[in-house]
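Enquirer: Spelled out, the chains give:
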Amino acid sequence: MKSGLKRSNAPIFWSLFGAGGMFSALFGPVLVFITGIAVPLSLMLPSGTMSYPKMLAFAQNFIGKGFILAVISLFLWFAAHRIFHSLHEIGIHAGLGAKLICYGSAFVATVVSAVVLLRLGF
Amino acid sequence: MPDSQKIIEIEVLRYNPESDKEPHLEVYKVPFSDDMSVLQGAQYIKDHFDGSLTFRWSCRMAICGSCGMMINGIPKLSCETFLRDYYPNRIRIEAMANFPIEKDLVVDLSGFIEKLESIQPYIIPREPRSLDQGEYIQSPEQFNAYIQFTSCINCTLCYAACPQFGLNPDFIGPAAIALLHRYNMDSRDGAAAERMELVAAEEGVFNCSAVGYCSEVCPKHVDPANAVNINKTNAAKDYFLRFLSPKGGSK
Ligand code: SF4
Ligand code: FES
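For the protein sequence lines, the chains are A and B, in the order given. All residue numbers for the first sequence refer to our numbering, where the first residue is 1 and numbers rise by one. All residue numbers for the second sequence refer to our numbering, where the first residue is 123 and numbers rise by one.
Warning: the hint list may mix true and false statements.
30 Å max Cα-Cα, derived DSS-like pairs, lysine-lysine [stated by the list, open to error]:
hint	chain 1	residue 1	chain 2	residue 2
1	A	K6	A	K65
2	B	K168	B	K225
3	A	K99	A	K54
4	B	K168	B	K143
5	B	K143	A	K99
6	B	K128	B	K143
7	B	K359	A	K65
8	B	K359	A	K6
9	B	K128	B	K168
Which residues of chain B face chain A? A partial, calculated answer using Cβ under 10 Å [claimed, not checked]:
hint	residue
10	I167
11	Y244
12	P247
13	A358
Derived, one-sided and incomplete: chain A residues facing chain B with beta-carbon distance under 7 Å [claimed, not checked]:
hint	residue
14	P11
15	S51
16	K54
17	R119
Hints listed in this document are in silico derivations from the structure and should not be mistaken for laboratory results. No residue lacks a Cβ here, since even glycine has one placed at the ideal position from N, Cα and C.
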């Protein structure tokens, strides 16, 4: 066995990436449909489905909060990881800078959305 | 030579480390018959045009794994690739991508050999066993868990296909990880935790970005991409659970 091996920290990012990939595959298309097509065009769904009071109530519910946080945060971790690796593949040798921008923005967005969701109260 | 003799143009990447600054292409017009492989085309060039053309081969039947090259840009075994499938177009043969060229179509495989050694490619028994305990018994199910990963012929086509190995030659790479997985999955072996140190290291599985081209070019259907993927999950489990279990992989 080789000596001087250093354990990679990739599992942290890879797990978030994996979770985000699964979550976005499950919910991404239907969310695009609901928020981008059905609600604006008033198709299929009762009117006011995404009205402010309803959305506020959703965001004040414990499970609703979790769902919103997961959608924002995991989607971003997924995207950050993909972009970071794609940069590497097209020859932009993503050093610390690219790492900070990609994962950093996912991290900041996670913290910001968690704070905002908490401040909305229960 | 009959009048109807078909002739194919073979463009070869030539490189002589003693006289050339960099590799260059040379074209040869090779008469061929329908049963001739690309390897036989190269042999024809060596026998009739330039005896210095250098390439590896041995078995001519896709089993020794030594005749890999880029054929029109795709990593293939030249002994099981046929000239007739390219005729009447020109065919280009080059040394395998992602490896340093030693001469013409021969690449330097020493890095790969080191990687093969590093994964401890042999059964390390779970516990000492004496002769009078008899042979190991393995169920068909236990056998099926690893048999696919034993088919590797070390042709390194998967390395020529892997963009991540191209970017980082320290990456242990598809075939070595497939072989590592073969031993980990063997019910007689007990060294998975030891090998984890390498799997989870910076040279390990997380270099892979799931391109999957390695499995596509593999002539033996080893599916190294699958072995790499399974070991990503294993390494992630090991990463998060290592504090719970007394015997983790690396520190
Ligand atoms: S895994 Fe397949 S492509 Fe890679 S070295 Fe083994 S036989 Fe060749
Ligand atoms: S010559 Fe042995 S695999 Fe092609």
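Enquirer: Take the hints in turn and mark each one as holding or not.
Expert: Evaluated hints:
no. : hint             : result
1   : A:K6 to A:K65    : 38 Å, violated
2   : B:K168 to B:K225 : 14 Å, holds
3   : A:K99 to A:K54   : 38 Å, violated
4   : B:K168 to B:K143 : 22 Å, holds
5   : B:K143 to A:K99  : 37 Å, violated
6   : B:K128 to B:K143 : 35 Å, violated
7   : B:K359 to A:K65  : 28 Å, holds
8   : B:K359 to A:K6   : 17 Å, holds
9   : B:K128 to B:K168 : 19 Å, holds
10  : I167             : 34 Å, violated
11  : Y244             : 12 Å, violated
12  : P247             : 17 Å, violated
13  : A358             : 4 Å, holds
14  : P11              : 4 Å, holds
15  : S51              : 41 Å, violated
16  : K54              : 38 Å, violated
17  : R119             : 31 Å, violated
In summary, the structure is inconsistent with hints 1, 3, 5, 6, 10, 11, 12, 15, 16 and 17 from the numbered list given earlier, while agreeing with the others.
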